[in-house]
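2 protein chains.
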Amino acid sequence: MRKASPDPQIEARRREPVPETVDPAIEALVHDVIGKVADKWTMLILEALHDHGTLRFTQLGKAVGRISQKMLTQTLRQMEKDGLVRRTVHPVIPPHVDYTLTPLGESLGAAFCGVWIWAETHHAEIQRARASFAEREAATSRLMASD
Amino acid sequence: MRKASPDPQIEARRREPVPETVDPAIEALVHDVIGKVADKWTMLILEALHDHGTLRFTQLGKAVGRISQKMLTQTLRQMEKDGLVRRTVHPVIPPHVDYTLTPLGESLGAAFCGVWIWAETHHAEIQRARASFAEREAATSRLMASD
DNA sequence: ATTTATACGCACCAAATGGAGAGTGTAGGA
DNA sequence: TCCTACACTCTCCATTTGGTGCGTATAAAT
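Protein chains in written order, with the UniProt record's numbering: chain A, 1 to 147; chain B, 1 to 147.
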């Protein structure tokens, strides 16, 4: 059942190089930014602040869901470094700290909006895709077993 | 210089609960999807396939940049499970495997488009923000030292 | 006098992530 | 006859991530 004869179409694509479209320097920068930003906690905090406007530390933690204080602090610091959030300390006792998005963070939140909407729209499809993948996998292993 | 008297505005926000806006069940689902998808390699592979259409394994690796074979395989498998990519095996020797986005993956790529554009537009701002954060940090530590 | 509330910092530990390098199977070319 | 191409898989190892629990300062409430 093995097809070992070379398909001419495939053969044609054999030594075809990777088509380049954009400047590699820009690519590197964008990849770096994506690397920093494409993090679960960053995205979730971004969403929470985008939705609620201004939140305090513990409120933010509850809004995000199951995040540890450590990760919350860590991610917020990184986001502050990147200029995405503004941290306001009110020198009262007990301490009171407010977090809010900067215009830059706000614009990123807006850019991510499409992704939230996608997730809300398509999560059912993903679940179906997973089920059918599991199905195919099971079928394959049945084939292997009867080999 | 410490202001310990309670600010009435802050006091008012003291026991204010986190404002809830959406159904927590939907939230949980979306967070789950985001958790799966908000991964550096997933986003980069998604971008590469969105740009180039169909790519083979090694081409894809080069298009993404510095990714190890292990991560490439692993991430592709996950994306296949989630129904984002279609994997086509041509039974020839040497092996030939094509990867392409499914309609679902294509729609996610479109949703992420806004984020690529954001990254391209704002990476200079991020770098400036980082510099000014470092500046402020240095100023703070100078203050601490002269304390 | 004791507790509570807040926003952390720190130390320790487990688990996940990710990279490097070697191995695999086989047809066709040097 | 040996080498190369391709798309992996596997093992070993280092780094990173993330959680838990404890400590802290201090005013107000009990």
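Rather than coming from a laboratory, the hints here were simulated on the basis of the structure. Just so it is clear, CB atoms sit at the ideal spot from N, CA and C, and this is done for glycine as well. Any given hint could turn out to be false.
[As the list claims (entries may be wrong)] Here are the in silico distance ranges between beta carbons for each label pair: (1) A:Lys70 / B:Thr54: 34 to 44 Å; (2) B:Lys62 / A:Ala12: 47 to 57 Å; (3) B:Ala110 / A:Ala28: 20 to 30 Å; (4) A:Ala139 / B:Thr54: 38 to 48 Å; (5) B:Gly53 / A:Phe57: 42 to 52 Å; (6) B:Glu135 / A:Ala110: 25 to 35 Å; (7) A:Thr58 / B:Pro95: 19 to 29 Å; (8) B:Thr54 / A:Thr58: 40 to 50 Å; (9) B:Asp32 / A:Ile26: 31 to 41 Å; (10) B:Asp51 / A:Gly65: 26 to 36 Å; (11) A:Arg77 / B:Thr54: 20 to 30 Å; (12) B:Lys62 / A:Pro8: 39 to 49 Å; (13) A:Arg130 / B:Ile117: 47 to 57 Å.
[To be verified] Listed below are the simulated DSSO-like cross-link pairs for lysine-lysine, each with C-alpha atoms no more than 30 Å apart in a straight line: (14) A:Lys62 / B:Lys70; (15) A:Lys81 / B:Lys81; (16) A:Lys62 / B:Lys36; (17) B:Lys40 / A:Lys40; (18) B:Lys40 / A:Lys36; (19) B:Lys40 / A:Lys62; (20) B:Lys70 / B:Lys40.
What hint numbers does the structure not satisfy? 2, 4, 7, 11, 12, 13, 14 and 15
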